[in-house]
Amino acid sequence: MNAEIEKINTESNPKNRLPKLATFGIHSMFTVYSFLCVIPIILVIMVSITDESTIVRDGYSFWPSVFSFDAYEFLFKDATSIIKAYTVSIIVTVVGTCLSMIIIALYAYPISRKDFPHAKFFTFFVFFTMLFNGGLVPWYLVYVQMLDLKNTMAALIMPLLVAAFFVLITRTFFQTTIPAAILESANIDGAGEMRIFFKIVLPLSLPVLATVALFQTLAYWNDWFLSLVFITKEGNISIQYLMYKTMLNIQYLSTNSTAASAITAAGGTFKFPSESVRMAMVIIGIGPIIFAYPFFQKYFVKGLTVGAVKG
Amino acid sequence: MRKSKKNASLLVTMILAISLIVTACGGNNKPAPSNTPGNNTDPTPTPTAEAPADTELEAVKLVVVYPGSPQKDEKLIEEELNKLLTDKINATIDLTPVDWGAWDDTINLMIASREEVDVLFTAQWNGHASNVGKGAFNELNDLIAQYGKGITDSQDPAFLEGAKIKGKNYGVPTTKELAGAGGIVYNKEVADELGIDMTKVTTIQDLDAVYAVVKEKRPDLIPLYISSTDNTFNAHFFGNYDFLGDATIPGAIFKDGTDTKVGPIEETARFLDTVKTTRDFFNKGYINADSATSKVASADAWKAGLVFSSIESLKPGKDEEVASAAGLSGKLGQIQLTNKTIATSETAGSMLGIPTASKNKERAMMFINLLHTDKDINNLINFGIKDTHYTLNGEIMTKTDRTGDYSPGHAWMFGNQFLNYLWDSEDPEKWAKFQEFNEGAVKSPALGFVFDSEPVKSEVGALANVIKQYQVAIDRGAVDVDTVLPEYVAALKAAGLDAVIAEKQKQFDEFLASK
Amino acid sequence: MSTEIMNVTVKQAPKKKTPMLKTMKKYWMFYIMMLPAIVILLVNNYIPMFGIVIAFKNINYVDGILGSPWSKFENFKYLFMTKDALIITRNTLLYNSSFIVLNLVFPLMFALMLNEIKNRFLAKLHQTVMFLPYFLSMVVISYLAYAFLSDTNGFINNSLLPMLDIEAIKWYFTKDFWPYILSLVNTWKNMGYYTVIYMAAIIGIDEEYYEAATIDGASKFKQIFTITIPLLTPIITIMTLLQVGRIFNADFGLFFQVPRESGVLFPVTNVIDTYVYRTFLTVGDIGLSSAAGLVQSVVGFSLVFLSNWIVRKIDSDNALF
Numbered sequence: 010m011n012a013e014i015e016k017i018n019t020e021s022n023p024k025n026r027l028p029k030l031a032t033f034g035i036h037s038m039f040t041v042y043s044f045l046c047v048i049p050i051i052l053v054i055m056v057s058i059t060d061e062s063t064i065v066r067d068g069y070s071f072w073p074s075v076f077s078f079d080a081y082e083f084l085f086k087d088a089t090s091i092i093k094a095y096t097v098s099i100i101v102t103v104v105g106t107c108l109s110m111i112i113i114a115l116y117a118y119p120i121s122r123k124d125f126p127h128a129k130f131f132t133f134f135v136f137f138t139m140l141f142n143g144g145l146v147p148w149y150l151v152y153v154q155m156l157d158l159k160n161t162m163a164a165l166i167m168p169l170l171v172a173a174f175f176v177l178i179t180r181t182f183f184q185t186t187i188p189a190a191i192l193e194s195a196n197i198d199g200a201g202e203m204r205i206f207f208k209i210v211l212p213l214s215l216p217v218l219a220t221v222a223l224f225q226t227l228a229y230w231n232d233w234f235l236s237l238v239f240i241t242k243e244g245n246i247s248i249q250y251l252m253y254k255t256m257l258n259i260q261y262l263s264t265n266s267t268a269a270s271a272i273t274a275a276g277g278t279f280k281f282p283s284e285s286v287r288m289a290m291v292i293i294g295i296g297p298i299i300f301a302y303p304f305f306q307k308y309f310v311k312g313l314t315v316g317a318v319k320g
Numbered sequence: 151m152r153k154s155k156k157n158a159s160l161l162v163t164m165i166l167a168i169s170l171i172v173t174a175c176g177g178n179n180k181p182a183p184s185n186t187p188g189n190n191t192d193p194t195p196t197p198t199a200e201a202p203a204d205t206e207l208e209a210v211k212l213v214v215v216y217p218g219s220p221q222k223d224e225k226l227i228e229e230e231l232n233k234l235l236t237d238k239i240n241a242t243i244d245l246t247p248v249d250w251g252a253w254d255d256t257i258n259l260m261i262a263s264r265e266e267v268d269v270l271f272t273a274q275w276n277g278h279a280s281n282v283g284k285g286a287f288n289e290l291n292d293l294i295a296q297y298g299k300g301i302t303d304s305q306d307p308a309f310l311e312g313a314k315i316k317g318k319n320y321g322v323p324t325t326k327e328l329a330g331a332g333g334i335v336y337n338k339e340v341a342d343e344l345g346i347d348m349t350k351v352t353t354i355q356d357l358d359a360v361y362a363v364v365k366e367k368r369p370d371l372i373p374l375y376i377s378s379t380d381n382t383f384n385a386h387f388f389g390n391y392d393f394l395g396d397a398t399i400p401g402a403i404f405k406d407g408t409d410t411k412v413g414p415i416e417e418t419a420r421f422l423d424t425v426k427t428t429r430d431f432f433n434k435g436y437i438n439a440d441s442a443t444s445k446v447a448s449a450d451a452w453k454a455g456l457v458f459s460s461i462e463s464l465k466p467g468k469d470e471e472v473a474s475a476a477g478l479s480g481k482l483g484q485i486q487l488t489n490k491t492i493a494t495s496e497t498a499g500s501m502l503g504i505p506t507a508s509k510n511k512e513r514a515m516m517f518i519n520l521l522h523t524d525k526d527i528n529n530l531i532n533f534g535i536k537d538t539h540y541t542l543n544g545e546i547m548t549k550t551d552r553t554g555d556y557s558p559g560h561a562w563m564f565g566n567q568f569l570n571y572l573w574d575s576e577d578p579e580k581w582a583k584f585q586e587f588n589e590g591a592v593k594s595p596a597l598g599f600v601f602d603s604e605p606v607k608s609e610v611g612a613l614a615n616v617i618k619q620y621q622v623a624i625d626r627g628a629v630d631v632d633t634v635l636p637e638y639v640a641a642l643k644a645a646g647l648d649a650v651i652a653e654k655q656k657q658f659d660e661f662l663a664s665k
Numbered sequence: 397m398s399t400e401i402m403n404v405t406v407k408q409a410p411k412k413k414t415p416m417l418k419t420m421k422k423y424w425m426f427y428i429m430m431l432p433a434i435v436i437l438l439v440n441n442y443i444p445m446f447g448i449v450i451a452f453k454n455i456n457y458v459d460g461i462l463g464s465p466w467s468k469f470e471n472f473k474y475l476f477m478t479k480d481a482l483i484i485t486r487n488t489l490l491y492n493s494s495f496i497v498l499n500l501v502f503p504l505m506f507a508l509m510l511n512e513i514k515n516r517f518l519a520k521l522h523q524t525v526m527f528l529p530y531f532l533s534m535v536v537i538s539y540l541a542y543a544f545l546s547d548t549n550g551f552i553n554n555s556l557l558p559m560l561d562i563e564a565i566k567w568y569f570t571k572d573f574w575p576y577i578l579s580l581v582n583t584w585k586n587m588g589y590y591t592v593i594y595m596a597a598i599i600g601i602d603e604e605y606y607e608a609a610t611i612d613g614a615s616k617f618k619q620i621f622t623i624t625i626p627l628l629t630p631i632i633t634i635m636t637l638l639q640v641g642r643i644f645n646a647d648f649g650l651f652f653q654v655p656r657e658s659g660v661l662f663p664v665t666n667v668i669d670t671y672v673y674r675t676f677l678t679v680g681d682i683g684l685s686s687a688a689g690l691v692q693s694v695v696g697f698s699l700v701f702l703s704n705w706i707v708r709k710i711d712s713d714n715a716l717f
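Residue numbers (the numbering used here), protein chains in the order written: chain A, 10 to 320; chain B, 151 to 665; chain C, 397 to 717.
So that you can see chain A by itself, here it is in the shape it has in the complex:
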């Protein structure tokens, strides 16, 4: 008996490792791919420090013939707006993400329970909102007339709180990673639902909670549309909108050639920031969020008590 087991052990791969060739293949593939992801960002950075006229003449290049930090100088002249906008963005992102995580998890858990008869109804309730919506105007009216939230931070936070997509992903995670046995034994022990949720379900769900937190952070940080629609007083706009505004202005005039020619014909002139400034705006807009993933990824670990079931 022992001899047989020994034989099997030596033939198999005790540490479950990949053959060396495959490892090498994987590493090189990822290196290439990472390269392909970083290059555009590098290009953006390089363009932001290129001299304007060089760009118009020669297009973008990784090593510009003429360097210039004019773009950043120009943008930081208005440093107070940038700081205010960063503050707004940070507050909205942090508050929004925290609230969102809790609200989503609280909703996703009940609908993940097979024994909850209304689970299907409430799943549908949230899914339906992913497909149907009444349009921009009615939604705007609800926020501005019904709730009177124009020019408030609440208007920047509320619309993104219940992201239906993540509710459903979280539900699926709860269903697949929380063993029914654990829930049963907790029930038998007399624990209330809230307790089960906080003491058992959440600790086991770190990966999905981290995922939702990460994506909501990105969603809040990247949003510019809410600022466009709801904020008319300069002080409360997000950094993303502050930076993207210029792009939108340029977009408007390049898509709408009737407008552009009518405006110039009527006597208006456009003083658009050059391409280097636009790229600098991209970098400023991205800012700290690059570190979001490294920040969250330490939570992408297994749930702590999964072993308890076996014991």
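Calculated from the structure, these hints are not laboratory results. Fair warning: there could be bad hints in the mix.
[What the hints assert, rightly or not] Residues from chain A shown here face chain B by an in silico Cβ test under 8 Å; the list is partial:
hint, residue
1, S62
2, R66
3, V146
4, L237
5, V238
6, T241
7, K254
8, Y261
9, L262
10, S263
11, A268
12, A271
13, S283
[Stated by the list, open to error] Computed footprint of chain C on chain A; a stretch qualifies when at least three of its residues, placed anywhere within it, have a C-beta under 8 Å from a C-beta of chain C:
hint, segment
14, 43–51
15, 124–133
16, 150–156
17, 176–187
18, 201–215
19, 223–231
Backbone N, C-alpha and C fix where the C-beta goes; we use that ideal spot for every residue, glycine too.
For chain A, the structure is supplied; the task is to place chains B and C on it using the hints.
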């Protein structure tokens, strides 16, 4: 015991939930309180156009919304304006600029939610006609008669005439140059250097010889720079096509003609000639190869020193305007290649309207009147505070180091441009030249008519997509005319071109009959 | 319900409480937990749904949304009357279907491979970097694409093709390449996003399965196909179903910005959303865009319903609802 406790908590929860929802809904006003159009007849005593004494008018705040980027010193300008306005019409002002990129979305929402805005920028190319059709703007004729005498006194009647929709005015046009003409702005320095006599150039075809020389002797310059968004030889002001309203809806007549038959420009000889010449220029390398996709506007290309000439809509001093923006002051000249015309596109290209949601229509009109008559207010809103944002020498302004803190560049939106001070880099005779320019211009037969696309909006939608697909490339000569043009016309017809033309003709004929 | 006892049928008394109330009593805590989300969904999503009527009306602001006259199906005409209708529908469906597949295959592959990298630092680095494209807006990506594909100044025409001795290609004027270009951009941009989701799922799989498989002598490859993928089926199903629901909605930025509105490319880059937008720019009637949105929602919804029904027949646990 436990059961009833559970029951109680359940009950409380449900009550809480329901009350939350009810209070949320409780504040639900109907999204649009019905606002009968008959608001023009207001029972309050209507004084004469002379600014009445303060005691008769109560203080109001006017919200003025217009496109542009927010300026740093806006608050200061508002304060100064408040001083002047309180004195004259007992009103204070709230300047609310909205970035161009957000403009369409924002005002759509503003109008839909009946936000109280008193003065709103509008233009025929910016959906004025359709907004009027939807009841967004007040009819202004009575208001102008009562409070806007300054406007009618100082403005050429062609402006208000040309901005009418179904015989009524819904926006007060800016007084500026009336006529439009097409031509090119070119680098005079280079032309002189190469010995080119630009006075010989009177038509597009004449440019061929000029460009040939430029291309040969100065290969570093693009003879004719056109980006995907710049004007081409087929721009409405160049081909003198009057589209009877929105230039993106096919069906036009000639501004400089007398024929009132509406037809697609693609079937006219003028269009065909122009397109063939443009294609010829493109093939000869006179036009930049990336013309159809480049998003580098000509202004930037000028700045980078790449350009010999570009197509512009001309008025006196246009060459200097382009030059100073590009840092080439004094080096550029302009040549007019079409005749001067006056059409609705010029008269209704920049207006101020009073939304139906405004509660201060009379005061709003008084304010607009001031923009047309009061030099102080006009220049304050356009250029900022004297001695802070500019220094004044007679009528000429010089920049200060705070000019950048308030330079909205929107003089063309507010009132009477002839009241504007001039910068020291501009032609001091600019306004005199403008007046001259306005004389002798041909009036389009369609002046005062705006097409209502409502009956054919489905076709217009389909056509818009076809036009986007073909127009850019054809107008820049980037594709072969003989193969693509017929394809384009066929696509237009398939998308309902004939229905739209027929409708335009019908409405136009009605308009002509009623004149 | 009746039970037969000694040939005498005794009807059991019907339950006094309705099942619904009993459920609510038993699970009252769940309702409280779900309450915040329910309120927000009602306010943010359900109440504004009254706006769907805009698609059927001829809106004017004097009467407001509720008071404006009905126009029945007028606003829907422009979507179908055009010969473009077929093209834009075909484009939207084809692109989205291939995106669903691409968004599954590549991120899943990457997630599996990342899981195998034993050097945790490198793994983290790769994952962080993979996310970078996601931060770039489509406008910026269109600029970058232009830097590569421009006729005159682009990298490809200037540096790459001459090296390979191929003639310069007018990228923005040649339709055939664009389905691939757009698919490439879409995958590249979203890779980081989807990879994270699948990685989180993989982490949740119990190590013991793999240990047992190793002892049994299964190769890595076999383990992936017998353990990992089957256990990921729920999440894969959900992701696919959710994307199917949006199959009629295209990524506007991708199809509008990246091709730089080059008309020649329209036959392969015009999708429903760009078509609607271009119409709206000219006509400015919100009824039109509302009608288009409704059509997209209805189609997407029907497809999801159908797919969900199919999934339910196969394995009801994985179904969405």
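Does the structure break any of the earlier hints, and which numbers would those be? none
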